[in-house]
Structures are given as structure tokens and as C-alpha cells.
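Participant: Each chain, letter by letter, is given below.
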Amino acid sequence: MAKPSHAERLELFRRMLHMRRFEEMVIRLAQAYEYTGRQHLHIGHEATGAAVAMAMRAGDKIHTTHRNHGYVIACGADPGRAFAEIMGRRDGLNGGKGGSWHLCDAERGFQSTSAMVGGSIALAAGAAFALKLAGSGNISFAHFGDGTLDEGVAYESLNIASIYELPVLFVCENNSKAGQRPSSMLAAARLQDVPAALQIHCELVDGADSDAAQIAFQKAADRVRETGKPVFIEATLERWPGSHQVKAAFPTGVTDLSLALNLDKVEGKHADWIKQSDPILRATRALIKDGVSDLVGLLEMDAKVNLLMEDARSFAEASPFPDASVAFTGVFAS
Amino acid sequence: MDESRLMNFRDAVLEALFLEMRADPNVILVGEDVGAAGGVFKQTQGLFDEFGDRRVIDTPISEPGAFGMAIGAAMSGMRPVFEVMFGDFMTLCMDQLVNQAAKVRYMSNGAARVPLVLRTTMGTGANLGPQHSQGFYAWAAHTPGLKVVIPSNAADAGGLMRAAIRDDDPVLFFEDRLLYNSSCEIASGLPIVPIGSARIVREGRDVTIIAIGRMVAFAQEAADRLAKDGVDVEIVDPRTILPLDEATIVGSVKKTHRAIVVDGAPRAYGVTGEIAATIMEQAFDWLDAPVMRIAAVNAPVPVSRSLEPLVRPDANTIENAVRAAIA
Ligand SMILES: Cc1ncc(C[n+]2csc(CCOP(=O)(O)OP(=O)(O)O)c2C)c(N)n1
Ligand SMILES: [Mg+2]
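As you go down the protein sequences, you meet chains A and B in turn.
Each residue of the first sequence is one higher than the one before, starting from 1 at the first, in our numbering.
Each residue of the second sequence is one higher than the one before, starting from 1 at the first, in our numbering.
Calculated directly from the structure, the hints in this document are not laboratory data.
If a hint is listed, it holds; no wrong ones were tucked in.
Taking lysine-lysine and the BS3-like style, the derived pairs with C-alpha atoms no more than 27 Å apart in a straight line are:
{"id": "1", "chain 1": "A", "residue 1": "Lys-219", "chain 2": "A", "residue 2": "Lys-132"}
{"id": "2", "chain 1": "A", "residue 1": "Lys-289", "chain 2": "A", "residue 2": "Lys-265"}
{"id": "3", "chain 1": "A", "residue 1": "Lys-219", "chain 2": "A", "residue 2": "Lys-229"}
{"id": "4", "chain 1": "A", "residue 1": "Lys-269", "chain 2": "A", "residue 2": "Lys-177"}
{"id": "5", "chain 1": "A", "residue 1": "Lys-275", "chain 2": "A", "residue 2": "Lys-289"}
{"id": "6", "chain 1": "A", "residue 1": "Lys-177", "chain 2": "B", "residue 2": "Lys-42"}
{"id": "7", "chain 1": "A", "residue 1": "Lys-269", "chain 2": "B", "residue 2": "Lys-42"}
{"id": "8", "chain 1": "A", "residue 1": "Lys-275", "chain 2": "A", "residue 2": "Lys-265"}
{"id": "9", "chain 1": "A", "residue 1": "Lys-247", "chain 2": "B", "residue 2": "Lys-42"}
Put together the whole structure using the sequences plus the hints.
Facilitator: Structure, rendered in C-alpha cells:
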């Protein structure tokens, strides 16, 4: 696969900014409204999520976990409706019934998102099965964390996908690096050893490196489309310090793109994460270094995204709570 | 030493674990984040420090396998307390629970036994949505071979956990998360509460409310309001739904001649139907009105703050039902 063009790299970055500014607004909304108990934000995973979204084509399907906000936004869902869902409002993506852990947007291929660890992987294999039978040429994406490989359903789904030759791209976000509090306990030396043993082609990518992720996911999706067989990508990520938020907070501050060129200014407890692991700042540096844009251009883009998120917030705030009858309807088709 | 203490639900269950783990080295705790992390609801804090990683065991996110391991260990001499973080995740344990734990004593003609507690949290009210708000106790009670405990207050929770750990059969122990911080006076030594005995929470003459778990507090709130209008409500908390203390429930209804059964889980094929039918069978001639049932609607639990309260009963629903029953 050719290296992404400047336009493609900028588009990836634009989506990453949407994801980041969306999540930052979620934190502000949580501080203002106490709308929900817990949030699992996608901050730090933007390069991976945006690269996956860009590898998707119309008609593809995706199933994600509780940590779904970034994917939903990267795929182009309306951020106002996503905020409204997280706030339990009428105009939410799921009409206020699902909330943060269950955002979905069928038009963009999001059929459901699961807060049961392991819930997404089997459904994604099922979507691949249907797409294969339909002969549409479309493929399915399964997003899950390293924790999913603890669950038996992961092994069964990988095995089934391999045996039936299902066109599914398994996207495993591994944020359990040695020395951090792990979200999985696996005896295998590397996560990929598991799918590899089941004869699934595997790739490893630095999930916070936007260029590497963009190339890896495009290549992997192409491979799934061409061969009709599953591919497993492990994207390694450095866990963002606020990744399990019970109380809404900005442990690494509000993202400031200009810090990318001023890393010595970064201090505090989580300075390392900001300096080395923040995919947004890493991408900012890379785009400037490669002459894709200058800082001013990126800041302009960022300002636009911020305005868009402000509008989206206003939309969600103006949305009323759902009509009471909604609670009792929609359990069955009729 | 013989003074009673004010203690909350979470701490009472934790104390029960300390007491039983000290008393019997075969008691072990197994679950996700139960070790050094102290539990995601702070419900296992301190156990790891005292008993170490041989008796307080963190598992991978592998509910079926880890639970099966606990059952096998129980059959082989241990007394595991297995923790399922959210009751919703129990579904992953269902095969091991229903086809193994519940059956092996019977199937082996008594040769095998499963002295094990499955403890889990449940309940609506925290905007956690459809996959994190369910209480599957009726499912469990439908399976012969499982005992099912649903404490409504701290003293019962602590005392019943002690009884559950000492029981020689699998006991499911359901804890409503919204009760964790509710406190009551607990007698010194955390007295054991026997499984299968109901508690008369409040005596009254006009109507019996049978309520479980957090619904007991709602029933008390409703009873306080009704008392102002001269309606005298009796409240019975079964505390364990299997075995069910039918005698206490039926005795109360024979006295008041009216019964309302309240449950926070969906109504269809649930606890209210079972208890209502028991009353009809055993106290039909004493009833002045049909037994009423109040339960959650047969729908998943929506996340929205505005929708979630609509699907489950509260003090208002109970109060209105009592007024209708005595009208
Ligand atoms: C079946 C099940 N077991 C346990 C949990 C509780 N839980 C929620 S998130 C989580 C960790 C998941 O780790 P991972 O899949 O790696 O995702 P991450 O949060 O690290 O992105 C756990 C154990 C759950 N939601 N579902
Ligand atoms: Mg993880």
C-alpha cells in the first residue's frame, strides 16, 4: 500500500481531533450534569480509532465495546446526538435508552456496542458471516480491548472466523503494558499468539502512531477484502491516566496542540504520557515535520472542531428528556 | 464488646467475610479485582492484606472458567466465595451454575457437594443502562438446587453472608448496590441469620406488603405515609426467596387479609408471581381482596435519568397500590 497522501493524513488528523474534543466535552458535561455513573473515554486511542474508521467503506459493519465514543465519532456520527445520548436525552443516538456504553448508529454500520467484555467479538463475526453470504464485498470490524482475550467467547469467535473464513478485521486495543495496571491477564507471551495459533494472520502496530496505524489498518482491511479471511491487529497503546473515570476530570489537562513543539514546557505527574504517548501531539509533530501542515493550519482546524463541539453540546442541552412512554416501547418489533 | 454498632451494608458483608475466613481456612474469595484493588465497589478492602493471594484470588475476565474452578474447588474441600462484579455478568456463569453447581449433589446421589457462595451486585438507579442493572435472582431460584438470598439491610446482609458461607450447598447472594451505604445497628459479633427465615419488618393490621431487597425501604416509606392516614401496614421481608419462609408470609396475610407483593425485577415469571400464588394456595379463605403484584415492567432498564425510574417500583407505586387494595 502506498504511503497515505497529505490529504489522507490531514483527514485522519481531523477525525482524531473530533474524537479528542468530543471526549473533552464529555468530561465537561459530566462535571456539569452528573448524567451518568461511569465513563470509559477513548482518549489516547484516537490514532487507532480514526485509522479503523478510515479503512471502513459504506456498507461495512463494526461492533465495539464500552469504550466506543471515539469510533462512533470517527465514523461520522453526529456529535450532538452522541452527547444527547450520553445525557439520556430524546435526540440521543439511541433515544436515551443506551447511554455512553451503548452508542450506536446503524447508518454508519454501528449495529450495537457492548458493555459486556467479549460481547462485541462474536457479533462482529456474525456480521462478517452475513456479509459473506450476501456477497456484498463488505467486511466487518470487531473492536475490543486486550481484556476480551480473557473471555472464552474470544477464542470461540476467532476459531469460528478462521474455520468459516469470515471477512472480519479484529482490532485489539492493547493498553495493558507491563508496569501499568493491566486490563487483562493472559498466559500467552503476546496477545497475537492466540489468533496466530488459530491460523489467523496477525499484525502488530503502535496504536498511538497515526501514520503507522493508518497504513496498518488500510493494509489489513484490504487484505480482508481480498482474501475474505480474518486478520487480527494488535494496537499497542499507553493507557491514558483518566481512562476509567468515576469522577470526571482532566488528568492530563485540556489538549494544547502547540505543546507538540514545546515539550519542555510540559510538567506534572503525567508529563510522560503527554510528551511520549499522546497520539494527538505525536501526529501534530509528524504533520509539521513532514511539511503536511504548519502549526497555524492545525490550530485553525482545531478551532473549527472546538466550535463544532460547542454547537453539538448546545444541541444536546436543548434536547428534552424522552417522553415517558419510550421506556416501555421498543422491546419487540410489534 | 457486647455493644451494638452502626454499620453499613458493604462493611457488614465485609466483616462477615473476615469472620468466616478467620474461622475456616478453607474459605477463599475469588473474583475480578477482589485482591489488592479491594473490589470495584470497595467491598473487599483489607481481605487481601490479611489473607494474601492464596486465599484472595484475582481472576482474569473469565467468568465461566473462574466460576467453574470455584465449583470444582468447592467439590474438593474448599468453601469459595465467588464474586461476580455486576449481576449481569452472571449470564456467563449460567452453564456452570445450572448444569453443574445446582446438580452435582443430586446427580451423584449425595457423594458430591458444592459449599459455595456466588455473591453479586445488582440493581437499578445509577444510570448504568441495560447491561449493568439487572437482578437475575428469579432465574436462579427457578433452578432446583440453588439457594437464593436477597438482603435488604446491613444486619441481615452480614448475618446471611455468614450463614451462606457455612451452608453446604450453593447459595446465591444478591446485593443491591444502592444499599451499600445504608446503615443500621448491628449486634455485637454480627449474629448469623439463618437462611430460610423471613423477618417482620413492621407490624400492622390492615395489609401485608411482602417486599425484597431495596423494595423493603420503599415499602417502609410508603407505610410511614399511609400511617398518617390511619392505614396500618405490615411489612414482611422474606430475606431468602429460596427456601421461602412461607409460614411467616401466610401467617401475616391471615392476620391482615390483604397482600401486596413487591419486587424490583421484571414481573413476568418472577418472584411476585411465586409468592402471590403461595398466598392464594395457603390463605385463600382469609383474603378480602385479590393478592396484588408490583414489579418492574417487562422491559430492559433504560439509561436515561428520566426513563430509568419509570420501569421499577418506588414508594409512590407501593402507596398507590395499598390505597387501591384497601379501597
Ligand atoms: C463480562 C464482563 N466482565 C467484567 C466486566 C467489567 N469490566 C468493564 S471494563 C473491564 C476491563 C476491560 O478491559 P479491556 O477489554 O482491555 O478494555 P479497556 O477498558 O482496557 O479499554 C472490565 C473487567 C464487564 N464489563 N463485562
Ligand atoms: Mg485494555
